[in-house]
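**Student:** Given the coordinates of chain A, work out where chains B, C and D should sit on it, guided by the hints.
Below, each chain spelled out in residue letters.
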Amino acid sequence: MFVKKRVAVVGAGLTLFRRNLKQTGRELAYEATKMALDSSGLTLKDIECATLGTAPDAFDGIHMKGENLLDGAGAWRKPYSRVFVGGGTGVFVANSGWWHVASGLFDTCLVVAEEKMSSCFPHPQYAFTTIFDPMVERPLGMNLVWIFALEMHRYMHAHGIKKEQIALVSVKNKRNAMDHPCAQLPAKITVEDVLNSEVMVWPVQRLDISPTSDGAAALVLASEDVAKKITDNPVWIDGVGWCIDSTYWTNRDLYFPKYVECAARMAYKMAGIKNPPKEIDVAEPYDPFDYKELHHMEGLLLCKKGEAPKLTEEGVTQRDGDLPINPSGGLLGVGNPIAAAGLMKVCEIFWQLRGEAGKRQVPSDPRTGVAQAWGDLMQYGSVIVMRS
Amino acid sequence: MSLEKIGDPREIRHWMGHMECDYSYTYGVVGEKFFKEIKENAKIMGTKCKNCDLIYVPPRLFCERCFERLTEWVEVSKRGKVHTYTVAYIDVDGSKLKKPIIWAMVEIDNVHGGFVHKLGEVEPKDVEIGIPVEAIFKEKKERVGSMLDIKYFKPVK
Amino acid sequence: MREVAVVGMGCTGFRSITPEVSYKELMFEAATRAYEDAGVDPRQDIDSFICCSEDYWEGFSIFDEFVPDQLGAVLRHLFTVSADGLYGVATAYMLIRTGAFDTIAIEAHSKASDILTFANIVAFALDPIFNRPLGGHPFYVAGLEMNRYLHETKATKEMCAHVVVKNKKNALANPYAGCGANITVDDVLASEPLFYPLTRLDVSPLVDGCVVMVLASDNVARKLTDTPVWIKGVGWNSDTPWLETRDWGRAIYTELAAKMAYKIAGIKNPRKEICLAEIDDRFSYKELQNLEALGFCGRGEAGKLTEEGVTGRDGDLPVNPSGGMLGVGCSLETSGLQKLLEVVLQLRGEAGKRQIPNVETGLAQVWRGIPTASGAVAVLSNNLR
Amino acid sequence: MSVKIKKYAGEEIKTEDLKEGRVPVERWKLKARYAWSVGAAMSRFLEEMKNGRIVARKCHKCGRIVVPPRMFCELCFRPTDEWVYVKDTGVINTYSISYLAADASRLKEPIIIAVIELDGASKGIGIFHHLGEMKKEDVKFGMKVKAVWKPPEERTGAITDIKYFKPAEV
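First to last, the sequence lines map onto chains A, B, C and D. For the first sequence, my numbering begins at 1 and goes up steadily by one. For the second sequence, my numbering begins at 1 and goes up steadily by one. For the third sequence, my numbering begins at 1 and goes up steadily by one. For the fourth sequence, my numbering begins at 1 and goes up steadily by one.
One should not assume that every hint holds.
[Claimed, not checked] Calculated cross-link-like contacts (lysine to aspartate or glutamate; reagent style DMTMM-like; alpha-carbon spacing at most 20 Å): (1) D:K144 to A:D38; (2) A:K269 to C:D45; (3) A:K188 to A:E313; (4) D:K7 to A:D38; (5) D:K29 to B:D93.
Please keep in mind that the hints were generated in silico from the structure rather than gathered at the bench.
Only chain A is shown next, with the shape it has when bound in the complex:
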């Protein structure tokens, strides 16, 4: 696939992820954006446009919140817009930064993601009750965790997967997060801890789930010409992909995320990847629940359907394994300010491919990485492929 211009990531920034942060949404966006800019060596003057990703307005509690956040995203008197694909937004916003630059219209672009879920008070769960169809679902008293529990159970049933196998993901990611300076829930836990934690919606237990969080993340993107002037080690965005499945989730077989596969194929085709498990060195699949990491590894074609639990048991997905998965600590460990969590994954791949991930660095000298997020009613996949 011919792409007009190659696009590089030249800077990344992140705030702490916490249950409640004092900063307003735009202050959080500023902190991440400023850090990304400073790390790239560019200033706001050098930036030509900005794109923002943030999940429902119902979290921050501001209608058209993209508009409210724009000064924090460095977009004062600049071309600026917001993309929004539910939980898939965090990775997708990096995709949107890619086309701003790849189109040749801009040489530099800020990519910003923010979420302040704590504004929805006392619990962000209230905001989730309106993601459902008002006629056939909301009257039944829907809770967000319900639909994921249904999906998890179907996935377990289809492949005969045990909870013990799934719990390993939570154990791994929370442990990986011990090395992440922004992490909200780093912990050394055991499979037993997960299995003994409070049952929320069987088969989902307390330690199977990522928390709700406040936080922000940002990237600076540049065209090849600009990137080569300012850095010796740009990280290239070589493939982007996205896909949506039907709204009617009760009409689909939830055991496999076809939409992730479709998005991955789009990104792999653009990046020229033919054999994903061989060619991809590190991956950050979306893990708001532990089973989702496994589900998404399969969707990303990193293994065969139903095989992800086995790879996890064998240690293949550990930081020092053959295919490190979520070396950052993922959403389970670092936290889940929805859009910011997705972009955190892209930041992590950036740092991993630059060899700057410090204690989190995967030892295998990774050259190609993939990040993925998932959203809407278990129907959206967004994927990005990056190379050093």
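**Tutor:** Here is chains B, C and D on its own, set in the frame of chain A:
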């Protein structure tokens, strides 16, 4: 287009619902200090960008133009000028207001910004763009640290 | 460079209420028309779909969930831009220019009649700390803007009323329009005062409706149609989100968006090079303010041009021949696509009674409404020179 | 750059401090109300619920019978062609046992929820509903279930006209 449509108006249905939650907004690191000064001392504070030579009111954590972090606080005047105004005759639910509300953008003297607030102790016919006004604060014991601690702006000589 | 063209469009028309169809059925109708017009099968031929919506206009969190089926986008590439449809067009333009996409469909709709508490929702867009606690109907922001604009430019309420009269009259010749009328300047001035100097008839009424557009790269466009309408340039921009530091008299965002679009399109003198314009008139004064921001005339001249009939359908620079938002209605995030639709119809020569003779280049512009200071511009031509 | 960054921004607040008002906040209760047009497909569906029947739409091109009904076939991108009644029985496609209510508060007695593939609809076409009259230990994938309707006089034309699905006698 669909092959069958509703032809009998009695078959038309609507489904009622809402998107209502409670919200609680933190003031942010800069807002907290700003409202503390309003509450305790009836003082209006701004933050200064030395690069752009601007004092922001309300104060900002960062300059929207150059992205510098703003750390210098300055007390600013309680007086300003009406930059523009309007007279609202209807309320948020569309009903007619018993007493029209005069809204104004008040540019605080010598700063970048000011407040969009109400004007008081004045009739609509006496308001003009450019007239000087002053912030009228609630009594200290009534102040909670919010925009409502300023009751309104009132014309001054 | 890859060129981008509009190759198909579909519209449901605009009415104050559409109780017989759900938003899904409304979208299905516009999409069916657009794909038929473009001669494409959405299940195979569209490389990505773009929907433009905001959650609180719909009554859903994550409205993106509810769009793919009725557009033919199931298990295909689709995403939401939380902005006006014209931003969707700008996004499609970028995607096609990357070289990796050939055909893009853009959708925006309004089901404003589903919303029972419109003003409360607009107020929810105000800053929660500095503005919202003061309460009130949020349209005071438009009153503040209008008053400052009139003050700075010496334009009059009568001039604004002329805009209303012209646009509502234009709408009478537009079968899509829902708010046409034959009224006088005095009728506008005598209408109920809402937010001085803004009166009831200065405000565009809310309507329902859906528009779907299909855009394609030059090689695909030439295969699909004999009448491609080329997108010569796009631009979008935002002034500060803070009411306290924005420019109350000028539409800075329109100035900057136009500058960008003109640069891409190679336009140096918009007044000479652009034959017609569909610009944001959700409040009467906005048409005048935006006309000036777009560089069609100097500051303070738009009102006079309007009074002289220059912006009439048979004038030298027809503005809002569709009837604009005052005549067609305000369709929320669909507004920009409604404007683009008219420009494309005019440039194709398909505008019927409203057809302006010998038009080659047209412009569409939109603002994101209260309380934003954001907007987009597109320049189109039926001639790829 | 990660290894080069020493400090990350963000001032943490404890949830208790927010709850007990130790951190200044501005509060707001949003009024956002809607009257969604139900449209042709769902108007008929809800009306039939009153009659104790579940109605679907069929696409003549792909032959699928889908519920909830829609006036378009999302796979063929064409209008659906006819109304078809499906049965109020089906099998459990997936289920879970919830100790959480919609507002995330804890339930004393868990509720069982499921996706039920309806008899008479195409394979894999299900609806979401609650299960009742069974113990959580007894629920199984593939289990036959049947709708339990409210008495006709209590029905309002809503998905809740079905109280829940219970085990079907085989």
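**Student:** For every hint, state whether the structure bears it out.
**Tutor:** Taking the hints in turn, this is what the structure says about them:
1. For the proposed pair K144 (chain D) and D38 (chain A), the alpha carbon gap of about 61 Å is over 20 Å, so the pair is violated.
2. Of the supplied pair hints, the one linking K269 (chain A) and D45 (chain C) holds, its CA atoms being roughly 18 Å apart against a limit of 20 Å.
3. In summary, the hint linking K188 (chain A) to E313 (chain A) is supported, as the alpha carbons are separated by about 17 Å, within the 20 Å threshold.
4. About 13 Å separates the Cα atoms of K7 (chain D) and D38 (chain A), which keeps this hinted pair within 20 Å; it holds.
5. Taking the CA atoms of K29 (chain D) and D93 (chain B), the gap is near 15 Å; set against the 20 Å cutoff, the hint holds.
Violated hint: 1 only; the structure is consistent with all others.
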